[in-house]
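Could you build all of it, start to finish, from the sequences and the hints given here?
Protein chains: 2
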Amino acid sequence: MKYELYYWPHIQGRGEYVRLTLEEGEADYVDVARLPEAEGGGRPAVARLLQDAANTHPPYAPPLLKAGKQMISHTANILRFLGPRLNLVPKAAAMQTYAHGVQLTMTDFVREAHDVHHPIANSLYYEDQKTEALRRSGHFRNERLTKFLSYFETVIARGSGKYMLGKSLSYVDLSMFQVMASLNYAFPKAMAGLADKTVRLRTLHDLVAARPRIARYVASSARLAFSTHDLMRDYPELDG
Amino acid sequence: MKYELYYWPHIQGRGEYVRLTLEEGEADYVDVARLPEAEGGGRPAVARLLQDAANTHPPYAPPLLKAGKQMISHTANILRFLGPRLNLVPKAAAMQTYAHGVQLTMTDFVREAHDVHHPIANSLYYEDQKTEALRRSGHFRNERLTKFLSYFETVIARGSGKYMLGKSLSYVDLSMFQVMASLNYAFPKAMAGLADKTVRLRTLHDLVAARPRIARYVASSARLAFSTHDLMRDYPELDG
Chain A
1 MKYELYYWPH IQGRGEYVRL TLEEGEADYV DVARLPEAEG GGRPAVARLL QDAANTHPPY
61 APPLLKAGKQ MISHTANILR FLGPRLNLVP KAAAMQTYAH GVQLTMTDFV REAHDVHHPI
121 ANSLYYEDQK TEALRRSGHF RNERLTKFLS YFETVIARGS GKYMLGKSLS YVDLSMFQVM
181 ASLNYAFPKA MAGLADKTVR LRTLHDLVAA RPRIARYVAS SARLAFSTHD LMRDYPELDG
Chain B
1 MKYELYYWPH IQGRGEYVRL TLEEGEADYV DVARLPEAEG GGRPAVARLL QDAANTHPPY
61 APPLLKAGKQ MISHTANILR FLGPRLNLVP KAAAMQTYAH GVQLTMTDFV REAHDVHHPI
121 ANSLYYEDQK TEALRRSGHF RNERLTKFLS YFETVIARGS GKYMLGKSLS YVDLSMFQVM
181 ASLNYAFPKA MAGLADKTVR LRTLHDLVAA RPRIARYVAS SARLAFSTHD LMRDYPELDG
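Chains as they are written, first to last, in the numbering used here: chain A, 1 to 240; chain B, 1 to 240.
Since the hints were derived computationally from the structure, they do not count as laboratory data.
Glycine residues also receive a C-beta, built at the ideal position from the N, C-alpha and C atoms.
Among these hints, one or two may not hold up.
[Said to hold, decoys possible] Partial selection, computed: residues in chain A whose CB lies under 7 angstroms from chain B:
#1 56
#2 72
#3 121
#4 130
#5 134
#6 135
#7 154
#8 189
#9 214
#10 215
[Unchecked claim] Residues of chain A placed beyond 12 angstroms of chain B at every Cβ, according to the derived structure:
#11 8
#12 25
#13 34
#14 38
#15 50
#16 55
#17 58
#18 61
#19 151
#20 193
#21 198
#22 206
#23 220
#24 228
#25 234
#26 235
Written out as structure tokens, the structure reads:
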């Protein structure tokens, strides 16, 4: 199966969670919007898919994965679909349902982390909601960041190994790696303060980063840099 | 299979999306936290489950569904699990994946609608973030509400019937009913202004409301009233 990923080409964004799984799973895929516009890529490729009036199963937003005639929307839904096909989730249905629940908790967390710099509206610049962002950031760092990371740490601690689901790697670990990497970029001070409480998560981050396919991908030009256009942003004033 | 639903007992909340599917599907279930505390219910029943240190698959938050030994977290994940078991989603795997994507878009929308009255922190009262809420509400009504409802209307329009997935009822319709009912309660003026653009959604709401099991459930004492403690809240100043 040859997969086609559709996602805005200029940031890591939610597409990166899908890319990490496609890379570790050695999937045959095209990151369509990263192709030149002249070859059918770029932002117009995503826009065309979203606006295709002939699609009887319209999607709301990217990332979108095309797998043959099927088009799948939502990061966690895409990963749930890819997991068994790329051997990146246990075979038991109950484990796949549990994995999906943990992934959806990550979805919620990433949204909250994003809204730290955009608490009022996505349509406004950060600078136009900076007062509100500053106020939200304190609550995020002291309440939400702490609570979510404590939960994810517990997920590993309660299992039977170093990974989120126990002894073997799954797509949930690849996503947790991306969450930790994004947090280390956007909230370095807050993350340093939580180092003692995130020992398992930091170990997991390093285990994933050291995997040959992930290391090769992260070192490649396909891995864009973190930036202040992405989901989590390095605005020092929001890091306390 | 006898199901156990765990959700905070004093509001409809996200648990209501699960209840509507359990009711329409004529599932055998107990709404555990609605039992008296002396019978093992109440908020402590939910708290015990969240804090159970023996659980190797810890959940982050309710709603939670127990199905035998399995515990499933996240509203959309629970509905994805229940759908085929209660004949409330088509049998084809691709349709179930599409249905889940639409449901996850509803999850995102409900979160955004909630954050209108809580843009800074869940830990603060509304009154302590009212200025920010007022600012967010204009963007929500004019940008987000319009965009999401236009999408959901398109989902019906592109299909082959009056329901979200075409000719037959699914759990996605039951959730869409709950979204529309919540919006009509919380944003009556904004919704009246969108009446012409939500003809299919309003028809769907009425179709679901008229189903005998749903009508009986909504008229029962198990259906709590909407309130300003719930996900969407009737604060007139946020309705423009």
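Against the structure, the hints come out as follows:
no., hint, in the structure
1, 56, "holds (5 angstroms)"
2, 72, "holds (6 angstroms)"
3, 121, "holds (4 angstroms)"
4, 130, "violated (12 angstroms)"
5, 134, "violated (10 angstroms)"
6, 135, "holds (5 angstroms)"
7, 154, "holds (5 angstroms)"
8, 189, "violated (20 angstroms)"
9, 214, "violated (25 angstroms)"
10, 215, "violated (30 angstroms)"
11, 8, "holds (17 angstroms)"
12, 25, "holds (18 angstroms)"
13, 34, "holds (23 angstroms)"
14, 38, "holds (30 angstroms)"
15, 50, "violated (10 angstroms)"
16, 55, "violated (7 angstroms)"
17, 58, "violated (5 angstroms)"
18, 61, "violated (8 angstroms)"
19, 151, "violated (5 angstroms)"
20, 193, "holds (19 angstroms)"
21, 198, "holds (16 angstroms)"
22, 206, "holds (23 angstroms)"
23, 220, "holds (29 angstroms)"
24, 228, "holds (21 angstroms)"
25, 234, "holds (21 angstroms)"
26, 235, "holds (17 angstroms)"
Checked against the numbered hints given earlier, this structure breaks hints 4, 5, 8, 9, 10, 15, 16, 17, 18 and 19; the rest are met.
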